[in-house]
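Colleague: Chain by chain, the residues:
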Amino acid sequence: MSTTTSTPHVGETHAEHEHHEPGLIGRYIFSKDHKVIGVQFLFTGLIFLILGGLLALAVRWRIAWPTSEVPLFGKMLDDAGTVTGSEYAVLFTMHASVMIFFVIIPILVGTFGNFVIPLHIGARDMAFPFLNGLSYWMMPLAGIIILFGFFVEGGAAAAGWTSYPPLSVIASNGQTCWCISLILVGTSSIMGSVNYITTIIKMRAPGMTLHRMSLTVWSIFITSILVLFGTPVLTSALILQILDRHAGTTFFSHDGQPLLYQHLFWFYSHPAVYIMILPAMGVVSDVLSVFARKPIFGYRAMAYSMVGISGLGYIVWGHHMFQSGMNPALGTTFMISTMLIALPSAVKTFNWLGTLWGGNIQFTTPMLNALAFVSMFVIGGLSGIFMAATPVDIHIHDTYFIVGHIHYVLFGGSLFGVFAGVAFWFPKMFGRMLNETLGKIHFIGTFITFNCTFFPMHIVGAAGMPRRYAAYAVEQGTTNTWAHLQPYNEFMTYSALALGAFQILLFVNIFWSIFAGKKAPRNPWNANTLEWTLPSPPVHGNFFPIPEVYRGPYEYSSPLVAEDYLPQSRKLDPEAEEKERRMEAEGH
Amino acid sequence: MAFNMERLRAASIAILMLAIPASRLFAQAGEPAPRAGAAVALAPSGAAAIPLMPEIISTYGASVDWLFYLILGITLFMMILVFALFLLFVVKYRHQEGRRAKFVHGNTRLEWIWTSATAAVLLWLVFEQRDTWNEIKQKDLATFENPYVVRVFAEQFGWHFLYPGPDGKFEPSDEKDIFPGINPLGLKDPKADKYSSVLMVPENVPVICELISLGKYDQESGKSTLPVLHSFFQPNLRFKQDLVPFHPAKIWFQILPGTLRSQDNGERKFEIACAELCGLGHYTMRADLQVLSEEKLKAGIGYDWKTAKGKF
Ligand SMILES: [Cu+2]
Ligand SMILES: [Cu+2]
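So the sequences go chain by chain: A and B. Heads up, the first sequence is in my numbering, so the first residue is 1 and it goes up one at a time. Heads up, the second sequence is in my numbering, so the first residue is 1 and it goes up one at a time.
This is chain A alone, in the form it adopts within the complex:
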């Protein structure tokens, strides 16, 4: 393999570097370069985003117009081209599984983790490059297996993304594909997290103390710990489920314990909610600071609140099970821990506000998406308090209120965080700038249609409209309690279709800009972190030589320099250096 990674070359150009490199396949397909692997995770995630989005639109179509033919894709469905009740269960199950395990986690953890960590801490690559490549290649394999479910008899998994037994034990073999696929995804996550943790602990550049790391790195560090301790529990639950399905065991079915699966599942899947939001919080913190041209407000509180979230994140899983038949006394216990976990999130929100206060805010595409993240996360976070309250949860549990909440967190939060991060690092990834106008149109369209799609869910949810229903006005239904809410459902579906259409702009912008975008300079955003000292894109091996780090990543508008940014690796003259040391001692 490449020998250049171990020999520092100062001022080496890309062209000179190239002929030391392995061939095209080694460079772009089975690469061990963390940056290439990050981009691979990104493209895999984007492809699955299209699939997951189309599944969502089909779900919305069925809810709004149960008996009319689905446009374009009708031929893939039953003879009449409508979504049948049983196809509907497959659609929402696969929508959630694809979005969670193949879009949000791979992009947030896989892309940002891989691409950003070594660049931000001043390392040449990950601690275990081979393991890193292996972790990526589990993903397409897992994707193929979960999609293979569509072609087995009985169709793909249809027991919900939660896949509670005993239903999942008697489901079609698509369910087995689902289990195997998720075991692979979990294995990939575990390999990734071991790598991230080791890299962050062992490979920081000289001067890069823990408290000089960017919040993106902090967030992925903490996320990795969550992944490492949570995922094995899910994996074992899935193995037991497979045994129940095929080996005649009765862990969760027959006279076994259906609730045991729910405990194991949520022991992973509640932390997974944070796995899906913490990296976005980190990315957004970085983006806000850069474009507010201001230090992040309360850096330590930001980092430690994430530590708090990861600790509390392991003792709140029961809030998904208040109505499950679990001992109701436990309900109160889990309510207390769940209310407490709202605290670090609130602290983060106030600190983001503090960061904006007194800034000099530039409304670039990454910044707009980061601002959307903050405001939408406020709604998603606050609506979570309703379901933390055990008596209120009795009414809204398993209604559209929950669906609204989770989409404000995972779309309004995580996905806007992804948009912000992709727009922010795109120049470094591809050496080209994204088109700002297209980016802004995409942002505004997405922001409006997102709210029109998901906000009304809280209203119909409070009216008690259950989730996972293929129709609300049923022939068998008697009083048809929710039939009069159909206009809401149609409105949400129209909005969702528009939301889907706006995502075409995202893909056009990305693919057009990769080839024809404006050439990106080294530091297009005047940012402080180490990657912006490198050429865009950086060469394999990143830093020649390894930089020396003198300060934290958020010294914007520092009085020590004329410019409004002060890169982490810039050495100041002795007088300014003395001043900086004094400021640091004063707790600045």
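Keep in mind that the hints are not guaranteed to be accurate.
[Stated by the list, open to error] Listed next, the stretches of chain A that the computed footprint assigns to chain B, with coverage defined by at least 3 CB atoms under 8 Å from CB atoms of chain B:
{"#": "1", "region": "147-161"}
{"#": "2", "region": "166-172"}
{"#": "3", "region": "253-261"}
{"#": "4", "region": "319-325"}
{"#": "5", "region": "335-345"}
{"#": "6", "region": "363-375"}
{"#": "7", "region": "383-393"}
[Unchecked claim] Just some of the chain A residues that point at chain B, by a computed CB distance under 7 Å:
{"#": "8", "residue": "Ser-86"}
{"#": "9", "residue": "Arg-293"}
{"#": "10", "residue": "Pro-295"}
{"#": "11", "residue": "Gly-298"}
{"#": "12", "residue": "Leu-353"}
{"#": "13", "residue": "Gly-358"}
{"#": "14", "residue": "Asn-360"}
{"#": "15", "residue": "His-397"}
{"#": "16", "residue": "Asp-398"}
{"#": "17", "residue": "Ala-471"}
{"#": "18", "residue": "Phe-544"}
{"#": "19", "residue": "Arg-570"}
By construction, these hints were calculated from the structure, which means they are not laboratory data. Quick reminder that beta carbons are idealized off the backbone N, C-alpha and C, glycines included.
Take the given structure of chain A and dock chain B with the ligands to it, following the hints.
Modeller: Using the frame of chain A, we list chain B with the ligands on its own:
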């Protein structure tokens, strides 16, 4: 209740109203269309037309709603506060050539204040929930003097309700005796008890239900399909509880007096839904909760439950 609940409810609804083109929706829903947005919503009659929470018919429903609107009030207040500051900052501190951002890294005192204030509100909320939760889910059912008892069976995809009959005792059942249509619950003596696809209950009497998830027994193969999870959900009761196979659970509710209005003729229907995915026909799994006057109930279940003194 220190808060004026009606006003809190109306105010929160008014804010929600601004978010959606509501008047069109109500016109289609067959309800009288509000004359104009928020002003009408503030009037109690307008508030009633908004499908935020359905009518309450259980004794504990009002305290659930109180907590809902309490949290809605607090969260809306927080949301408006944060959004106002957010918009203020974004507008006031938008980029201007030549200006320099404040070089501030935080404010420890401010951070302590907002952290402890938030913590105090959250902890207070926890304590507000406790009594209602205990009343609904942790009540000692033995304390009810003379409850009305029903067994609730759920299967893929339907509900069965079993009443103990004039002898007050539930028949033993065996899944091998299940014949769909004839003896769907496999009772030893299907004539001794009354079963129905409707949950018939009296007003203002504690009702105890035993929730049982049933497998489907097939006489030809001699095998039963695995019972699965369901959830007993009746929005007007503000009640929901999962049915776990092999782990029957007892729940309770009491219909508010006055639920039967004069125009109801002694009988009123509400919908029971399944709220836990139980298979492909999950959405068809609905049944009626019927609130009946004493005479209609006697006619419905075929005996006088008061003299029968039902027991589990
Ligand atoms: Cu959770
Ligand atoms: Cu169901």
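Colleague: Just to make sure I understand the rule, a stretch counts as covered if three or more of its residues have a C-beta closer than 8 Å to a C-beta of the chain. Does the region 319-325 of chain A meet that for chain B?
Modeller: As far as the region 319-325 of chain A goes, the hint holds, because 3 residues have Cβ atoms under 8 Å from chain B.
Colleague: How about A/Ser-86: closest beta carbon in chain B under 7 Å, or not?
Modeller: Result: holds, 4 Å to nearest chain B Cβ.
Colleague: Given a cut of 7 Å on the nearest C-beta pair, is the interface hint for A/Ala-471 held or broken against chain B?
Modeller: 6 Å, holds
Colleague: Closer than 8 Å, Cβ to Cβ, for at least three residues: run that test on the region 335-345 of chain A against chain B and report holds or violated.
Modeller: Held - the region 335-345 of chain A has 6 residues with a Cβ nearer than 8 Å to chain B, which meets the minimum of three.
Colleague: For the restraint on A/Phe-544, tell me whether the closest CB of chain B is nearer than 7 Å.
Modeller: This hint is violated: A/Phe-544 lies away from chain B, its Cβ roughly 32 Å from the closest one there, beyond 7 Å.
Colleague: Given as covered by chain B, does the region 383-393 of chain A meet the bar of three residues or more with CB within less than 8 Å?
Modeller: Holds, because 7 residues of the region 383-393 of chain A bring their Cβ atoms closer than 8 Å to Cβ atoms of chain B.
Colleague: Take the shortest C-beta to C-beta distance between A/Asn-360 and chain B; is it under 7 Å?
Modeller: 4 Å, holds
Colleague: Mind checking the CB of A/Gly-358 against every CB in chain B and telling me if the closest is under 7 Å?
Modeller: 3 Å, holds
Colleague: Given a cut of 7 Å on the nearest C-beta pair, is the interface hint for A/Arg-570 held or broken against chain B?
Modeller: 16 Å, violated
Colleague: Let me know if the C-beta of A/Asp-398 comes in closer than 7 Å to any C-beta of chain B, holds or violated.
Modeller: Nearest chain B Cβ about 4 Å off; hint holds.
Colleague: Can A/His-397 be said to touch chain B, with a Cβ gap under 7 Å?
Modeller: 6 Å, holds
Colleague: Restraint: A/Gly-298 near chain B, CB-CB cut 7 Å. Satisfied or not?
Modeller: 4 Å, holds
Comparing the model with each numbered hint stated earlier shows that hints 18 and 19 do not hold.
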